[in-house]
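With the hints as extra help, turn the sequences into a complete structure.
Residue strings, one per chain:
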Amino acid sequence: MFTYYLQLGIRSLRRNPILTLLMVIGIALGIAASMTTLTVMYLMGSDPIPWKSDKLFYVQLDNWGVDDAFYDDGRPPDQVTYRDAKALMEAGKADKQSAMFKLNLPVQPENAEIKPFQSLGRVAYSDFFGMFEPEFAFGGPWDRRQDAEHARVVVLGKDLNEKLFGGADSVGRTVRLSGTDYTIVGVLAEWNLRAKYYDLTNGAFNDPDEFFMPYTTGMDLRQRSTGNNSCFRSPGDGWDSYLDSDCVWQQFWVQLDSPERVAEYKGFLDSYVNEQKKLGRFERPLNNRLSDVNTWMADQRVVSRDVEVQTGLAFAFLAVCLVNTIGLLLAKFSRKAGEIGLRRALGASRRDVFAQYIIESGVVGLTGGVLGLLLTGLGLIGVRALYSQYKTVAQLDWTMVLLTVVLAIVAAIIAGLYPTWRACRVQPAAQLKI
Amino acid sequence: MEIRPIFSALMRSKVSMVLIGLQVALTLAIVCNALFIISQRLEQMNRPSGMNEADTFTFGSTGFGQGFDAFATQAADLALLRQMPGVAAAAPTNSMPLSGGGWSTGVSLQPQQKTPTTSTTIYIVDSHAIDAFDTQLVAGRAFKPEEIERKDFGDRLQPRVVIVSKALGDALFPNGDALGKEVYLGEGPPTATIVGVVDRLQQPWTNSDTIENAMLVPAFMPYGTSTRYLVRTEPGRRDEVMKEVEVKLAEANTGRIIGRMRSMEETRRNAYSQDRAMAIILGVVIVALLGITALGIVGMASFWVAQRTRQIGTRRALGATKADILRYFQTENFIITTFGLVLGAILAYGFSLWLMDRYQSPRLPWHYVPIGFLCLWALGQLAVLGPALRASRVPPAVATRAV
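From first to last, the protein sequence lines are chains A and B. Offset between the first sequence (1-based) and the numbering used here: plus 166. Offset between the second sequence (1-based) and the numbering used here: plus 1315.
Accuracy of the hints is not assured; some may be wrong.
Covered stretches of chain B (in silico footprint by chain A; criterion: 3 or more residues with CB under 8 Å from a CB of chain A, positions within the stretch not fixed) [claimed, not checked]:
#: 1; segment: 1321-1334
#: 2; segment: 1343-1350
#: 3; segment: 1374-1382
#: 4; segment: 1587-1598
Simulated from the structure, these hints should not be mistaken for lab results. C-beta atoms are modelled at their ideal positions from N, C-alpha and C, and glycine is treated no differently.
Put into structure tokens, the structure is as follows:
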């Protein structure tokens, strides 16, 4: 029966091509607008590391000025100081931990044909790789011993390895960064992070890091981070007083494998800050935070307000399109009163009529969904053109393709409910007399 | 016009009326709010930075290796730049309007003030800065060459003289007499004396609450081995000079990297790319929405015309003119649209309240809604015109024919 009704539906839609086209275009446009914005919003906010996002925690300590909160709503600073990062690393109380910051260094290629260029990378501890789990194409991370030895080693990102060595296995070779040679111990495979969640302060949608260097080695360069630095009072003159200051410029992540470990670590942070208070630091009330990956992404508004507003408006637009479809289906079905009366008089139950017209609505939805999918693809191309930094989030994936078609069919069926109900109430007798 | 019969006819097909009304209502609500957001973005995008953006470009230089002398390089680069043909002015600066990254600090009137009076961005520049930014000096003077202090990166700036934007001067001294006054940067002392006021110079951040507050600080301070230059060319020669500079500076010193040349026009485009994108996306939504609503009206009206062909014929047979029929459908549309618009006005303010509550956006100005009324009335009339004309051409003879 289903296939028969499907055929009937398709035939009926062909009979009024203009009305059908209006309905299909309406659904397709509504679906395309809402799916384009929803895809961007969903991919921006989606969990980047679902298998362990509840075990990775971002550390915030409130070392800010006594009368002036870092954020107006009282949240603590989004980064930590060097001295606190150092103390937390030395304590080593978490299962894995790494302080890190962003660093820009000049690269001087061996190959004289490639001109020296700037490269944006990151200094971090070896635990970085264990925590965030990037895949390696060649070699692997450095180890904790090399962290302690300030080893001159480096892990290259895929792009930098491509640029310097044509993508070949470069493990064991050296790369010269700002006048010093570093031995390559590993090369990452393509690391497609939708949002660079481990450093949200410095742009969630910036390009991936091009190299990674041990934190201890990086600190020896006595270079400030290329990322954000905030101070609530002057750090004083020179590098050493900067390291001693209350300026925040580093990120600190820990991995805690069980809820008990989380509670322990919270206790440890509180006692650390209370110790520091005795030294005259941390004048504000105790306000330490441990945020897991998704909490931190929400806190830092990875999904921008504009994208949320766009999605809200797009769904309101879909509502208009549905109301439009209801009207048009109503118009269409009520023209069929005679036909329905005839079917009912010949013995079709209300149920049969209902099934027939709901399936016809579903066919409109399916057609609208397929066209909507094409338009969503175009919409996402448009979004990528408008927002160059959203390359990684303006992509259709299979979940979204499926969701688009399902949403379109469901939307059309919902729109069809009322018109179908009306169609079922046709009295056979009233239609059959001339 | 005979509103009553139209009205009672409408009451017999309430659902269709409700559907079109609802569509018009949602359309009004979305269009008003979306247009308001667009106008806010356009207003932001049109704020002048205070610089000459047409003829100015910027680039960075980063040295490598241990022996690199950033001070000597900066002095040599500036000397080279200033004698190049086509260059009107050149100055070092740590940052500039619209660039998105820079320094900011609190400014106070008292030493150790608990909360600073206001905050400002700092442009670390030399005596050529006003000329390079091409902003208007409205009071006082530019920096003198001997006031440019050499500072190692990481040292406190502690300037003795500063130049402020007029907005910053007025924020600190509301009487407009900032010139000659002393202020504290950060927690101070020492104090800095305001020796000049420029008409306008924006901060690097387009979303800053204090975007018009800027301060020029005289110092010779490379950022590690990096420096940034701002170059203003003679009118119309920017692109040609830009290429020339890139080659000449790279040749002059091979121990460093010359970064990409970036015109101020490009910088502005990047700075407002999100706002532009938002405006375009909302614009597309508005057009699509109006299109769908118009098509919906056409579809429903065609259906009604088809349904009422016999009645129209009867009316025509009883003496109604073509114009009467036309007017009938137009009045009907007007009534439905008006119902929708009244509901839409409530929805529009509802949306606006939601945006205010969740995103701290300003309240929807009152005039958007009446203008929206006019536009949607017009849209409704245009959309119904086709079906209504078709109705008016129904011949009276239809009435006499059997179905």
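Quiz item: Do at least three Cβ atoms from the segment 1321-1334 of chain B come closer than 8 Å to Cβ atoms of chain A?
Solution: holds (count 3)
Exercise. Test coverage of the segment 1587-1598 of chain B by chain A using CB-CB distances below 8 Å; three residues minimum.
Key: holds (count 8)
Quiz item: Within the segment 1374-1382 of chain B, is the number of residues with a Cβ closer than 8 Å to a Cβ of chain A three or more?
Solution: holds (count 5)
Quiz prompt | Whether chain A covers the segment 1343-1350 of chain B (at least 3 residues having a Cβ closer than 8 Å to its Cβ atoms) | solution = holds (count 4)
Violated hints are absent here; each numbered hint is respected by the structure.
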